[in-house]
Structure formats: structure tokens, C-alpha cells
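*Asks:* Spelled out, the chains give:
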Amino acid sequence: MIEIEHLTKTFKVLNRKEGLKGAISDLFSRDYKYVTAVNDVSIHINKGEIIGYVGPNGAGKSTTIKMMTGILQPSSGKIIIDGRNPYDNRNEHLKDIGVVFGQRSQLWWSLPVRESFKVLKEIYMVEDAVYQENLKLFERLVDLESLYGKPVRQMSLGQRMLCEVVAAFLHSPSVVFLDEPTIGLDVAVKDSIRNLIKKLNEEKGTTIILTSHDTKDIETLCQRVAIIDKGTIIFDNSIEHLKEMFGKYRTIRLKLNTDIVTYETAANMLSEKFGQNAIKINGEDFSIEVNEKVVPVKQVLAFIMDALSFDDMNMEDVGLEEVIKKIYEGGAVHVKAV
Amino acid sequence: MLKRYRGIIRNCFAEELTYREHFIVMLLISVVYYIVLYFVWKAIYAGSGSSINGQTFADTFVNLALTSCLVQCLSSEIEWNIHFTILDGNIIIKMVRPLNYMMYMLSEKIGYVITHIITNGIPVFLVVMILFPGYLHPGWNIVMFVFCMCLSFLMMFCLEFMAGVFAFYTQSVWGISTIKNVVVGFFAGSNVPLSFFPEGLYRIAQILPFKSMYHEPLRMLMDTSMDAHAYIRVIGFQFGWCILLMAAAWILFKIMSKRLDINGG
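Heads up: the protein sequence lines correspond to chains A and B, in order. If you count the first sequence from 1, position 120 lands on 119 in numbering that gives the first Met the number 0, and the numbers rise without skipping. If you count the second sequence from 1, position 149 lands on 148 in numbering that gives the first Met the number 0, and the numbers rise without skipping.
Some clues are possibly wrong.
To be verified - Residues from chain B that face chain A, not an exhaustive set, calculated with beta carbons under 8 angstroms:
no., residue
1, R5
2, T17
3, I91
4, I92
Unchecked claim - Footprint (simulated), chain B over chain A, 3 or more residues, beta carbon under 8 angstroms:
no., segment
5, 100-111
6, 128-141
Since the hints were derived computationally from the structure, they do not count as laboratory data. For each residue, glycine too, the CB sits at the ideal point set by N, CA and C.
Please put together the full structure from these sequences, using the hints given.
*Replies:* Shown next as C-alpha cells:
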């Protein structure tokens, strides 16, 4: 159970000037500005939930996570994780969380991964029985045994990330923070990482806070997503809800039989029939974006079948990626829906 | 409690051993160093008779070899480890462990120092005992020597840790590390012999702990005239400084952790 109320973090930064001259005068400068990285964030996360924490680069995701791990002290507001304040009860808190940073390694670089696991076992004082049981569970989920003897520095990024994720679960923490666990991985490895996370969450009931720029991660793993932009939470609800809020958009792609009908006349016919509100036509690949709030896609299809002659057609959902892109591009528009 | 740090010591030591070539080169370098030291002083003595300043060639060589050996064994410059993890932000990995950061760093230093003792410390002491019999008087004083060295080690660690933690604020450790090395080297008398110091500076050097870090443990092995009283005085002096430095390091760490922000996303 994680409760975050009105969390704010402000950094004091020096206003840097340009060039060498600027760098020299910066040495004596007292010209500070205050940057609010996280502004009045409130989230409640239930036990066992996987929540996607997304936002553009520099939105304040990492800062929030650093505060939740107890490394940074909040400027104001409060965080309570399992009844504890992470910053004040840091030692107790850290025993009970696991962390994966996609850009950093927590394993001992030149040693076989087995050695890293052993040290982690000692650091977290994991009992032998629990340790063996966890290893067995991991082996069931991914094929790791062949990797145990391999030094981390010789592993591929994919192999290493699997080990990193597993290492974060080794002491059966109640909360795990995964900060871009799939960064730089190929499709197949991304898939096995997602599988691993999902299974670990199911088997151990771990609460997982996941940040990622790959919306596929979010879509396959999370039921709920919180979007942060410029330090404020602008959306916090289910993925379904997010898609709905932006209208249920479907896209129809047509390849017209141009001997009979030109793209221009087809476009005119469609907009005349349904109006600008209901459909938007993108000229380049002739894709028709249908807003299902205004007109059911069935109706548009029926019209196309009836009135237009075409060679090929396909239809797609608007993915989470499109929706999130719309939110980012719209800036900090408040679409808060709780 | 301490069991949690055992693995870190073991891994740091194992990491040093992993790179076999590096390990062998380290061993070779120390062998070459002592050979050079030997012949340089041999040449100096060949030019100026059997005794300089009342010391024979063997006196000088044994003293220099053992001192620089202890210097090698104690210094691992842990501040540079701290420096690099601050620069690339990887310090967060160490910070999210349920460990005391100062103890964590101490464990790493122990891991490194064990390597130094094996590649440098033990060989040099053995060679000196075989080639220059009569200088070292191993007996029950070895226990005192080891204890004394542990205190020196802790003091050295505190100095390095303070230099490293300072980088939480400055983001760079180079300047402070250099100052630390110069001050320690100067007052330990390893650059200029202490007997050359003017009266005032000599007094200061006696009060500061740096001289006793190397000089006193060695005296325990070499000077048979030391009585119980002398032992207690030396250890008491070191113990006091040790506590003082540890407190200072801890306070500095507490202050500096407020200044730490983690680099990178």
C-alpha cells in the first residue's frame, strides 16, 4: 500500500551563463533559480498492483521514484509506503523494496552472476529456504541456470537485464521499482522481460511501479497508468479509460481503385456524408480516422462498401502510443479523471 | 549485523583476483620497486662509506622498504570509487541497499587491502626477514602490530572517506585527494624525515596521527626496548585519533548526504 499526498520537490539550481566567460563568472554567481521537478503529486497504489508511471523525459518520474526509495527528501508533502516514511525509516524501508534501473547495473561487473546473488542474499539476510525457493521460481519462469557461471561483463544486455530483474526480487520485497527495464532490448527479449515481470507479480503479489517509454510495456503489464508532465499528474486511471477519454478512434486505411474513383472525390464524398467532426482524412496514405463517439465505425464501413471501389482495406485501433503522444503534444492540459 | 558486509568484502577481493594479468603485473611492479630501492641506496652508500647519519645501509633499506610497504598496504584511495559513482550517478545503486554507506565503503576497502597485503605486504616482510635477519623480532608483539595496523587502517579509511564524501558537494575529488595525500605524506615524514623539521612543525607532527600510522606499528616489530607502558601509550594515542576521525567522517557524511543529488535520469 503506497500513499502519496501532495508530494513536491524543488531543486535550487545555478543560473548558468554562456561560454568560458560565463563559466568563470558562474564561479562567483549567487543567481539561483528554483525548479519544481515534482509538483503536488498524489497517488494511491494498492498492494499487488502494477502501475505504469509514464511521462516525457524530464517530467519528474525519476525524481518521484528517488523520493519513494528514500534517497531524496521531499520538499513538502508526504509518502507512506507500508506504513513507513521512506526517508525517515530508510533502513527498514530499503529492506523491503527492490529496484531496477535500466541504465545502471546492480550486479558485480567482473564476477559470475551467482556471486552477486550470494552477496544480495547476505545483504538482505534472506533465509536459505526462501532463497532456494525464489531461485527455483525464477528458474521456472526463465532459463537462467546456464547464466549463473557467466561473468556479468560478458553477458548480452538482454541476459543481464533478466538477471537484474530477478536480482530485484531475490529478497521477496513488497514493492519493486522498475525504471525502464526494457531500454535498448530487442523485441524477443522485451517479451521475455514482460513475461517475467507479469509472472513474478502474480506469484509473489509484489506491487510494481513501472516506468517505460515503450507503451507496449505499459499496455501488456499495467491495468492502471499515471501520466506525469512538467511535475504534475495529468492522468491517473485505467488504460481503457485513457483510450476512451480521447474518443474511441479507429483508423481505416484504403487503397482505392483509382481507375474508377480518385482519392480527391472519395475524400469529398466522405466528408460530405459524415462531416469534419466524425472523420479526419489523412491525405498521404488515405487513412480515415473515425471518432466513434460521433459516428459508429460500422456506418462508415457500410458507406465505403457501398459507394467506393477499392482494392484493399485494413482497420486498426488507436494504440496507447497515439493517445499518449496526443497528451504530451497538448502539454499540461488537464484531463484529470479520477 | 556485520554478516551483511562479509559478501561485499569477498566480492571486492574476488574482483581484484578476476583479472589475473592485472594481479600478476601488480606483483611484478612491487618486486621491481624494491629492487630499484635496493640498488639506489647501495649506490649511495658505496659513495659515502658504511654509515650515513649513523645508519648503515641495512638500517636505511629495511626502514624504507617496510615503510613504503605499509603505505602501499593501507592506501586504496577509496575516494576515487566514491568519485566515479557520483559522476555517473551509480551511487544510487549503493544507496538503495539497506546498509550503512560508510560501512559499505569500509568493506570495499578491506577487500582491496587484502589484495595489497598478499601481493605486497607478506612478500616484503618475508624477504626482509630472510635477507636481513635481526631487524624484525616477531613474537607476541605481532599481535600488537596487527592491532595497531588495524587502527592505522581505520584512520586511513576515515581520511579517504571524508575526501570522497566531500565530492557529494564538489562533484570532484581530485583536489581534496591531492591535499590529503600531501598532508599525510608530509606529516608522516615520508617526504622529508621528521628530524629535519623545525621545532614548531616537529611538535605538530607529533600531535597529528599521521606519523604514528606507519612509524609506530613498525617500531613494535623492530624495537625490542618497548615496554608495556610504551605499547599502551601508542595504542591509546591511535585509539583516540581513530574515534575522533570516525566521528568526523560520520558527521561530514551526514551533512554531505543532504547535498547529494543523483546524476542522470
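*Asks:* Confirm or reject each hint.
*Replies:* How the hints compare with the structure:
At about 6 angstroms, the closest approach between the beta carbon of B:R5 and any beta carbon in chain A falls short of 8 angstroms, and the interface hint on this residue holds. Of the supplied interface hints, the one on B:T17 holds, with its beta-carbon coming within about 4 angstroms of a beta-carbon of chain A, less than 8 angstroms. Of the supplied interface hints, the one on B:I91 holds, with its beta-carbon coming within about 6 angstroms of a beta-carbon of chain A, less than 8 angstroms. Here the hint on B:I92 is kept, as its CB sits about 5 angstroms from the closest CB of chain A, short of 8 angstroms.
Look at the segment 100-111 of chain A against chain B: 9 of its residues bring a Cβ nearer than 8 angstroms to a Cβ of that chain, three or more, so the hint holds. With 0 residues bearing a CB less than 8 angstroms from a CB of chain B, the segment 128-141 of chain A misses the requirement of three and the coverage assertion fails.
Checked against the numbered hints listed earlier, the structure breaks hint 6 alone; every other hint is satisfied.
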